[in-house]
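Asker: Sequence:
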Amino acid sequence: MMKEKIFAFLCLMSLLLSGCYEDKGNYDYNNLLKITITGFLSEKEDGTESEITSLTVTAGQVVKVRPILSFENEKDKKNLAYTWLFKDKVIGNEEKLNYTTEEVLSGYVLLDMEDLDTGNHFRATFSLSVLDPYAGSGFLVLSEKEGEPCLSFLMGAYTDGNDQFTPYIGLYQKENGKVLPKDVFKIHEHFRSNRHSTQIMAVCKSDFVDINAYTFKEEIRAAGLFMSGEIPTISDVMFMQWVDLVADEQGRLYKRVKSTNELFHSNRFLPSFVKDEQGEVLQGIRIIPGDISNSKNFCLLYDTYKKRYLIISDWKGSYGNTLAKIVVAQHGSGEQGWSEGFTRLDRMDGYKVVYTGHYMNPSEYLYPAANRYFSIIEKDGVYYHQHFRVNRDYTTGAMDVTEDIQGILPGLGGIMQENSIFCILRYSFGFDASIHPYLLMSSGKSLYLYDITERDSNSAEGFFKLYEFDSPIVAMNGECISGTQLGVGLEDGSFHVLNMTLAKDHLMDKEKLFLWSLPAGELGTIKDIQYNVQNQSPNFN
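Under UniProt numbering, think of the first position of the sequence shown as 1, with each following residue one higher.
Check before you lean on any hint, since a few could be wrong.
Said to hold, decoys possible - The following label-pair restraints were derived from C-beta to C-beta distances:
#: 1; residue 1: Ala81; residue 2: Ser259; range: 47 to 53 Å
#: 2; residue 1: Ser266; residue 2: Lys34; range: 55 to 61 Å
#: 3; residue 1: Ile37; residue 2: Glu148; range: 45 to 51 Å
#: 4; residue 1: Met227; residue 2: Gln278; range: 20 to 26 Å
#: 5; residue 1: Ser129; residue 2: Thr402; range: 47 to 53 Å
#: 6; residue 1: Asp509; residue 2: Glu103; range: 45 to 51 Å
#: 7; residue 1: Gly332; residue 2: Gly107; range: 53 to 59 Å
#: 8; residue 1: Gly229; residue 2: Val57; range: 42 to 48 Å
#: 9; residue 1: Lys96; residue 2: Thr118; range: 19 to 25 Å
#: 10; residue 1: Ala81; residue 2: Ser129; range: 25 to 31 Å
#: 11; residue 1: Val281; residue 2: Gly147; range: 36 to 42 Å
#: 12; residue 1: Asp393; residue 2: Ser517; range: 44 to 50 Å
#: 13; residue 1: Glu148; residue 2: Lys78; range: 26 to 32 Å
To be verified - Dumping the calculated SDA-like pairs for lysine to any residue here, alpha-carbon to alpha-carbon at most 25 Å:
#: 14; residue 1: Lys34; residue 2: Pro167
#: 15; residue 1: Lys96; residue 2: Ile52
#: 16; residue 1: Lys78; residue 2: Lys96
#: 17; residue 1: Lys352; residue 2: Lys512
#: 18; residue 1: Lys527; residue 2: Glu249
#: 19; residue 1: Lys527; residue 2: Glu148
#: 20; residue 1: Lys34; residue 2: Leu85
#: 21; residue 1: Lys89; residue 2: Gly39
#: 22; residue 1: Lys307; residue 2: Tyr373
#: 23; residue 1: Lys64; residue 2: Arg123
#: 24; residue 1: Lys255; residue 2: Gln530
#: 25; residue 1: Lys445; residue 2: Lys512
#: 26; residue 1: Lys87; residue 2: Ala59
#: 27; residue 1: Lys258; residue 2: Pro289
#: 28; residue 1: Lys258; residue 2: Gly320
#: 29; residue 1: Lys182; residue 2: Asp132
#: 30; residue 1: Lys275; residue 2: Lys307
#: 31; residue 1: Lys255; residue 2: Glu189
#: 32; residue 1: Lys145; residue 2: Gln530
#: 33; residue 1: Lys44; residue 2: Thr58
#: 34; residue 1: Lys325; residue 2: Val353
#: 35; residue 1: Lys325; residue 2: Glu340
#: 36; residue 1: Lys34; residue 2: Glu72
#: 37; residue 1: Lys255; residue 2: Gly229
Don't read these hints as lab results, they were simulated from the structure.
Positions of the beta carbon are idealized from the N, C-alpha and C atoms, including for glycine.
Given these sequences and hints, build the entire structure.
Answerer: What follows is the structure, encoded as structure tokens:
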């Protein structure tokens with residue numbers, strides 16, 4: 001039986017092979033048309049061509065390629081068919097390929113040329129990589145231009161020893177053919193553990209618009225994500241690895257706990273408000289952004305009603321979790337653990353919390369499970385700075401506060417204005433030798449700097465004027481991963497990227513401070529700035 005099967009297979013193969021070379025009785029094989037594809041020419045945007053063996057484009061770009069051909073026994077009239085294949089899909093049937101890329105893919109493009117008179121085929125390939133069109137870090141800018149909301153991306157690159165940015169003005173409008181809702185007021189970035197881990201959220205009072213960070217295509221809106229079916233009037237959001245929070249106009253919180261960290265969205269927000277450990281609805285909550293990576297797993301909140309800090313857990317361990325648990329910020333050493341002279345975080349009565357920001361030290365990137373904070377508080381016209389660390393226990397998920405220090409903050413009262421903006425550099429200490437432990441504050445056209453390593457309560461050293469702009473400052477962001485860049489938006493619509501490495505040594509020195517600028521008129525009226533971290537997103541396991 002086996003011999004019969006082998007014999008039948010050999011007969012079939014001989015028939016197939018003989019078909020490839022079928023002689024119709026009038027071929028002179030020495031005079032058959034022979035084609036050699038010696039290479040490929042790619043057409044650039046300016047119309048010029050260059051020879052390629054590989055090509056890299058971004059999704060949405062048009063690939064224009066034609067073969068370089070060499071003929072033997074060429075006839076006056078050629079009867080040729082062209083088939084271009086990419087990832088087993090026909091993408092063209094003309095001699096010149098015009099292919100609009102859509103998906104992020106990599107592989108070989110095959111050109112199959114057939115002489116229809118003889119059935120002979122001639123083939124060649126080149127490699128093609130289709131990348132995300134906006135895969136890169138940089139500054140996201142929300143503005144109003146010509147009466148419409150405008151979301152732009154200033155994508156950064158390091159070229160020839162210089163920091164450069166490519167401005168994509170009105171990118172959301174361009175990619176979606178529509179504008180954002182009129183009541184959009186801020187940008188929020190959130191993450192997942194899967195590939196393409198970053199998503200951009202345009203937060204509106206009546207909605208939020210989730211946008212693919214790599215294509216800028218709209219993905220989802222708030223409708224359907226609330227169990228009640230109604231979207232509250234939104235004042236702020238915080239989307240973490242497992243727990244997501246939405247604050248309404250009274251500072252009350254809605255929450256959801258996601259079923260997976262591999263998706264940006266799963267499950268819906270509960271219809272009831274978040275309560276504290278005593279069962280009371282939380283109100284007047286101020287969300288304080290921080291490092292939400294897998295080694296931290298919590299978020300700091302400030303309760304403006306009861307004058308206390310709270311910590312909400314985002315921790316899910318191998319043997320349990322404390323997801324969405326909220327505790328009052330207590331010292332790790334108990335009631336008597338608070339340092340002398342430190343205003344305890346669970347009893348801030350009599351003090352006004354002016355600002356609280358989070359900063360990182362690379363030596364604590366993975367261990368311990370803790371975040372560091374710098375705060376400005378005021379009482380009876382005297383300003384104080386507070387440093388403290390919030391910790392999470394690796395085993396139990398318990399959260400507490402340690403390393404609490406407080407001192408007088410000199411010089412602030414004379415320069416701070418009602419609309420002053422504060423911004424702390426998230427990465428205050430660089431991964432290399434760079435140092436930029438700075439708090440920045442706007443005061444009209446002036447930008448002031450305070451060195452947060454100055455912890456001596458008796459020190460007279462306070463704020464330094466870093467630079468005087470031509471227009472008032474309206475927005476700032478210092479979340480650049482390296483800690484070296486500060487994005488500053490001015491009232492006249494201009495945007496500036498400042499070099500913050502050792503900036504304290506370059507006061508008023510425009511040549512040393514300015515890395516890149518976009519003139520007034522390009523962006524419109526700037527409302528918010530967010531650094532787009534993209535591939536440097538938090539580590540989620």
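Asker: Tell me if the straight-line CA distance from Lys89 to Gly39 falls inside 25 Å.
Answerer: holds, 21 Å
Asker: Starting from the hint 55 to 61 Å, judge whether the C-beta atoms of Ser266 and Lys34 obey it.
Answerer: holds, 59 Å
Asker: Is the Cα-Cα distance between Lys182 and Asp132 25 Å or less?
Answerer: Not OK: Lys182 and Asp132 at ~28 Å, beyond 25 Å, violated.
Asker: With 42 to 48 Å as the target window, see if Gly229 and Val57 comply at their CB atoms.
Answerer: Taking Cβ atoms as reference, Gly229 and Val57 lie about 43 Å apart, which means the hint holds.
Asker: Within 25 Å, alpha carbon to alpha carbon, are Lys255 and Glu189?
Answerer: holds, 17 Å
Asker: Does the structure keep Lys307 and Tyr373 at a Cα separation of 25 Å or less?
Answerer: holds, 17 Å
Asker: Please work out if Lys325 and Glu340 have their alpha carbons no farther apart than 25 Å.
Answerer: violated, 29 Å
Asker: What's the verdict on Lys527 and Glu148, does the C-alpha distance respect the 25 Å limit or exceed it?
Answerer: holds, 12 Å
Asker: Below or equal to 25 Å on CA atoms is what counts here, so check Lys145 against Gln530.
Answerer: holds, 18 Å
Asker: Take a look at whether the Cβ-Cβ distance between Val281 and Gly147 falls inside 36 to 42 Å.
Answerer: holds, 39 Å
Asker: Within 25 to 31 Å: is that where the Cβ-Cβ distance between Ala81 and Ser129 falls?
Answerer: For Ser129 against Ala81, whose Cβ atoms are near 27 Å apart, the range 25 to 31 Å holds.
Asker: Taking the CB of Met227 and the CB of Gln278, does the distance hold inside 20 to 26 Å?
Answerer: The hint (20 to 26 Å, Cβ to Cβ) holds, given that Met227 and Gln278 are roughly 24 Å apart.
Going through the hint list in order, the structure does not satisfy hints 13, 14, 17, 29, 35.
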